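**Q** Chains as they are written, first to last, in our numbering: chain A, 1 to 267; chain B, 268 to 513.
These are computed hints drawn from the structure, not numbers from a lab. Just so we're clear, the structure is a prediction, and the values are computed from it rather than from any experiment. Built from N, CA and C at the ideal position, the CB exists for glycine as well. Keep in mind that the hints are not guaranteed to be accurate.
[To be verified] Output of the computed footprint for chain A on chain B, the stretches with three or more beta carbons under 8 Å from beta carbons of chain A: (1) 319-330; (2) 353-367.
[What the hints assert, rightly or not] Lysine-lysine pairs mimicking DSSO-like chemistry, simulated, CA-CA at most 30 Å apart: (3) A:K159 / B:K269; (4) B:K491 / B:K269; (5) B:K307 / A:K159; (6) A:K90 / B:K269; (7) B:K491 / B:K307; (8) B:K458 / B:K472.
Each chain, letter by letter, is given below.
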Amino acid sequence: MGSHEVQEVRRIAINMNQVFAKMAPLIFSTRILSLNAQIASAPLGYAGYPFAVVARELVVMSAEIDQLVTEASSSFCVINEIAQTVMMEKKLNLFREALRHELMAREAEGRGEERLPCGSSLCTFIEGQDMALSASTHATCSACKVERIECTLWRQIMKLGAGLMENLKRIDDLSKHLTSLVERIRWVAARKSHFIGVSASVEASRFNGNGDSIRAVAENITLLARNIAAMQDRMHEAAMNLTQRVPQAMEQMRFEGVNHIREGVAA
Amino acid sequence: MKSFELYNKGNRRWVVFARDPLRPNFVIDTNQYLITQAGKGILLDPGGQEIFPAFVSALAREISLNDIVAIFASHQDPDIISSLALWLDVCTDPPVYVPYIWRTFIPHFGGGERLTSIPDEGMALPLNGTDDLRAVPAHYTHSAGNFSVYDPTAKILFSGDIGGALLPADFTSLFVENFGNHVQYMEGFHKRWMPSNAAKNDWIKRVRMLDVNMMCPQHGAIFKKDDVQRFLDWFEKLEVGSAIAK
Ligand SMILES: [Fe+2]
Ligand SMILES: [Fe+2]
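Chain A on its own, in the form it takes in the complex (with noise of 0.2 Å):
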């Protein structure tokens, strides 16, 4: 059984932890580099003045960048949720083939028509809309065992499958909030890691001769600034992916529940 989408959406989150961690020695390398930029500067005084600059601009931003990133992380609950989902779905799953085994075994008895005592079928009653309702209501009924187990285990799913799609609205606030993190890291990541980038070659440009240490961090750091922002994309697809996927796995939670237990009566 298992739900496909709630199993997606833990993939997508599981994988955008793992771009999170990627930022971190990506960040520690813009600090190394802003270090060396400044080293190769120093000599040339007032002439190096300007890449200083640039330098500086690289330190900020690999500030800003690790303020947010930090932020997305530690709102990352995401995973803890999602490990939640993952034991009240293993739950949630018994519970429904213990109902589907109910059905089951009174069909062989040759029962399947039988009436709950307020006169539905099993599949009426579980089409109605206050389930949980109905649940407690036969299961107060003394008439007849087998109505009371199909009630206590309606109840346990239903009570499961409200706390799984509790659990889904969590992952899909936070989901929200990490997609307005991840914009903002995209914003700083891509403008200004790509305004650094050709400054740091621009002024590098203006050296020759002694300016070979200069160019080569100046080459370090556009390739930083490249690997930033295709790092921000990985981040942003991802979290695009979150966003789009949690509501479409709430709408399966929703239906996935009555569907089987239909099947079942079906089978």
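Dock chain B with the ligands against chain A, hints included.
**A** Only chain B with the ligands this time, still in chain A's reference frame:
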């Protein structure tokens, strides 16, 4: 999963749940037991998560889940009690008796702080106003903290993994019918799963003092009176702990 009544006299009843034709092959086959006293029941080793769906449905045919008033776990194994969290969801707050050494291990399957410890020397398991059911020490056979359950009223001994057999698919009988033939299904299991000859003999000594009409293991077939004695004699001679190089 099918249910079979093993004993029904006065207010006491024993039912075994076994031989599930739909059991997935990747889990070892297990027997689950229900003892009732005037309609209220205790579950002995309710089993693993994977068999919960089939078992809960079969059980509901014998007793209302509201009337399950206790759960007993002979030891900590997953085939014994990994379904615990699910049972606690559908039963009304039953006490869960577990060997004290596993008191903080079993909550990894659920149950949190509500488990009741059975001390090493064993204890009476109360059931609906009676206290004749006894948790009998069976430590190191195979688990380091392990109990059998003896019912002096029905003269039935629930022996947990002791007496267990890994049966071939075509063995459909609930009972041991030919002890000599049955040995082949038990021998490897006891030699490898049981770690200690001293522990094994201690358990045999305890059981020899009891009046046992039927011995019910958690795996395989059930032993009736004479076969119980045959089993004890056979087990006494068996060298266990086979994984240790001699
Ligand atoms: Fe075991
Ligand atoms: Fe076992």
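**Q** Now tell me if each hint is right for this structure.
**A** Hints versus structure:
1. 319-330: With 9 residues in contact (Cβ-Cβ under 8 Å with chain A), the coverage given for the segment 319-330 of chain B holds.
2. 353-367: holds (count 3)
3. A:K159 / B:K269: Since the Cα atoms of K159 of chain A and K269 of chain B sit roughly 29 Å apart, the hinted pair holds (cutoff 30 Å).
4. B:K491 / B:K269: Distance ~20 Å between K491 of chain B and K269 of chain B Cα, so the pair holds.
5. B:K307 / A:K159: 27 Å, holds
6. A:K90 / B:K269: Roughly 25 Å separates the two Cα atoms, so the pair holds.
7. B:K491 / B:K307: 26 Å, holds
8. B:K458 / B:K472: Roughly 19 Å separates the two Cα atoms, so the pair holds.
Going through the hint list in order, the structure satisfies each hint without exception.
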